[in-house]
Each structure stands twice: as structure tokens, then as C-alpha cells.
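Listed below are the residues making up each chain.
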Amino acid sequence: MNQQAHRSNWVIVMSFVIALMLMALPMPDWAGIWRPAWVALVLIYWCMALPARVGIMVAFTLGIFLDVLSGTLLGQNALALSVVAFITLQFYQRVRVLPLWQQGITVFGLAFIHQVLLLWINGIQGMPVSFSDYWASPLISMVLWPWIFVVLRDMRRKYQVA
Amino acid sequence: MAINPIKPLYFRRPSALVRLVVVGIVSIALMTADHKGRHLEFLRGVLATIVYPLQYAVDLPIQVGTWMAETVTSRSELMQQNYRLRRENLRIHSRLEKFAELEAENRRLRSLLDSSIKVGDKVLIAELLSVDMDPFARRIVLNKGTRDGVFSGQSLIDSNGVMGQVVQAGPFSSNALLITDPSHALPVQVHRSGYRAVAVGVGPQNLLELLHIPNNADLRVGDLLVTSGLGGRFPSGYPVGHIISVERDRGRPFASVKVEPTARLERNREVLLVWPAQGGETLEGMNPGTIIK
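Quick note, the sequences are listed as chains Z and U, same order. Numbered per our numbering, the first sequence spans residues 1 to 162. Numbered per our numbering, the second sequence spans residues 1 to 293.
So here's chain Z without its partners, still in its complex pose (with noise of 0.2 Å):
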């Protein structure tokens, strides 16, 4: 039992750094602001399957690594993170049975927050903001998701995460 949480919670933490690398992959320049939201993608994934597991405190930590990782203020993506996270805790047994391009709308609303939490505090400090830059990433995230859903659900039952 003990070995077997200890190898499901090794696949959470892959899954994550994944996540984390995808966020820091060179594309061009005018493709930056399409990336998708991959770490938000994966946290909402786990935040939904395994609420018990993966929740706020997961998120704040994850997103002091993106901060770091991405150069923004150290605590902007933790704070977007874990509202996402919260937001996902409060109605997930209703979303994850749903057919998986209605869950694609709630994972836009949920990336939608995310982007504007970000661009918020971007907006305090003076970096200027234009309108495709709310849009663009969560389209992408809406678009992508039954995917990432798939094959982290595929990569969860292969190797018994609960």
C-alpha cells in the first residue's frame, strides 16, 4: 500500500515537471502568447481526480517553481494557481462527469481566470496589456483539453493513481 502511494505520487510529480518543462519550451515569438496553460491544465486534471491529493497547497508550491522558472514576480502564478485550484475543489464532482467538450467550457472559464489574474498583476506593475492576450491561451487550453484529459486519465489507470 505504502509503496504503491509512494509510485502514484512519483506520476503526479512527473506529470507536473512535464508541465513545467512544456511552460519553458522555446517557441517562436509570435506563438508566446498562444502557449497553452499546460501546468494549470495538469493541476486542474489532478485537482479533479484526486481532490483528496492535489489541492491549494500543491498549487501555491507549483507556482512558486513556475514563477521562478517563467522570471514573474515570485508569488504571481501561486496565487493564480491557487485560485484555480480552489475554484476546481468547489464543483469538480460535478464537472468530471460531464462529456468531455463541456468540460473543455469549464476548463476555458477556469484558464480565463487564470490569464487574467496574471495579466492583472502584470497591469499593476505597468506592463502594458492588449485584448488577444486574455483570448488567446485559454482557446488553446479549451482546445487541447479532452487530449491532456485522456492521456493523463490513460497514464492514471496504467499505473493505479488513486
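Simulated from the structure, these hints should not be mistaken for laboratory data. Among the hints, a few may not be true.
[Said to hold, decoys possible] Below are the SDA-like pairs computed for lysine to any residue, each with C-alpha atoms no more than 25 Å apart in a straight line: (1) U:K36 x Z:V116; (2) U:K258 x Z:P128; (3) U:K122 x U:K144; (4) U:K144 x Z:M21.
[To be verified] Derived Cβ-Cβ restraints for the label pairs, each shown as a range: (5) Z:V150 x U:R267: 30 to 40 Å; (6) Z:V17 x U:N215: 49 to 59 Å; (7) U:P53 x Z:W120: 24 to 34 Å; (8) Z:I113 x U:I50: 49 to 59 Å; (9) Z:W120 x U:Q80: 48 to 58 Å; (10) U:P171 x Z:V17: 12 to 22 Å; (11) U:R267 x Z:A162: 44 to 54 Å.
[Stated by the list, open to error] For the chain U half of the interface with chain Z, some residues (derived, Cβ under 7 Å), not all of them: (12) A16; (13) R19; (14) V21; (15) M31; (16) H39; (17) L40; (18) A48; (19) V58; (20) D132.
Model, not experiment: these values are computed from the prediction. Built from N, CA and C at the ideal position, the CB exists for glycine as well.
Got chain Z sorted already, so can you dock chain U onto it with the hints?
Positioned in the frame of chain Z, the structure of chain U alone reads:
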């Protein structure tokens, strides 16, 4: 009181809210501390060391690609390159000899005028890690850190001009802010007329803008801007950019001046970190061979 198995379900919500509030307060406190000053240097350094393997792993395929490309280049290509580099080296060397002479003359004249001069900056070649950061800021990651003597506030140049400055130095890597970031301002001077100004980044475009330039200022399209060294951060005399447009509108108090950076901000992989010279007495800097560490 009987134990109700449903009870924990009702307990989760308030505790999640409490946790969110605590986490929110902690993040806002962290952001404020990070924004207001350099209170979190140490924490950042520790965390940067933890994420460095990740950045390294992301960068690795590109490094391998470059290495492969280098390995499979043909002999004739290499010979051609070698020939070209030799000629370039010769040309640069001859120019450098002239510069050394001019520098000595400059020093002599300055000593006659009793003013000090700073020459012979020490430089170190660093490589960019190919990792993307916040898409809304202009930042880069270097593969040199405090272990190599990099410090926060150090200026960063390439062979064509000023690129930016280091803002966070970790043990193995450091983050630098490019001069085109909207939060970056750089004291500059027009090379032709000596007119001083402040160049700030515009952000998404690869451009700088000069702030608070009166409409009658002596600026022309094509003028070269160099660092004035006034802020104390950047050594003076390094090229920054060329003026590409000057718009004078009588209805506005200031002219709008756009500057294109000379440094190849988006394309370079190798960059130079500069240590400012200690003072006028560092004569070792005279010998071109010792400039590059």
C-alpha cells in the same frame, strides 16, 4: 456525540477557503517584497538552482542539434569558414591596434586634463539557454551565475551593442532583462551631438523609445546612440541603437523618437557579460589580449 461519516465532506469547504485566503496573503506578501526590493534574492537563488535542471533539459535538444550540425559539416565548408574567420580576425586585429594607440592617446590627453577614464572592461562569454519565459516580458536566461562572478545589475552586451542587464543571479544561471522590456530604461547619448536622453523598451516590438525629448532637440534619423554611463549601471560608450524615426507634433509637448537596437536581441546565442573597470589605473586593460578573460 455520534460520529457522522458525512461530516468530513462539510469540513472540507471552509478549510479550502481558509487555505486559499492564507495562500493568497502569502503570495501577495511575496509579490510585494519581490517588487519593492531585493529582499528575496536568497530565496530566488535557491529556487533557481532547483529549476536549473529543468531549464537545462529543455535546452539540451537544441544544444545537441547544434552539436550535430557542427559535427556533420563538410570539410570544405569548414575550410571556407576558417578562411573567412582568418580574414575577419586580421581585419579586426589591425583595427584593434589602431584603437590601442588611440586609447593611449586619449588616456594621455585625459591625464593632462586631470580627468579619470575607465577602460579595459573585463568580459566573460555566456550562453543563452533556449528557454521561454513570461511572454509579456523580455527576459532571457544565461548559463552563468554567481559561481562565475555574475552579479545582479551587471550589463550584458553582444558584438554589436548593449543587450540588457542581469536582474537575478543564481548560483548556476541568471536572468537578464533585455533593453526592449517595458520596465527597462537606459541612459543614452547621441554620438554625434552628445545630446543625452533616456531610452525605454516598448515591449512586443524590437524597439526602444526616447522619453521626454523636446520638439527642438538635435536628433536626426540615423543618429547612433551610445550608453552615457550616467546611471552607473552600464559602462559608457557602448552602442545602443540607431534612430529610425523622429515625429515632431506641435500639439504635443514631446517628440516621439523610435530607436532600433543594434544588438541582435532575438538571434544571438552567445553574449558577453561586462565587469566595469575599477578605475583609471588599470593599465593591464591596454593590451588587447588581456581584455577577454
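Note to self: Flag every earlier hint the structure violates by its number, smallest first.
What the structure shows: 8, 14, 16
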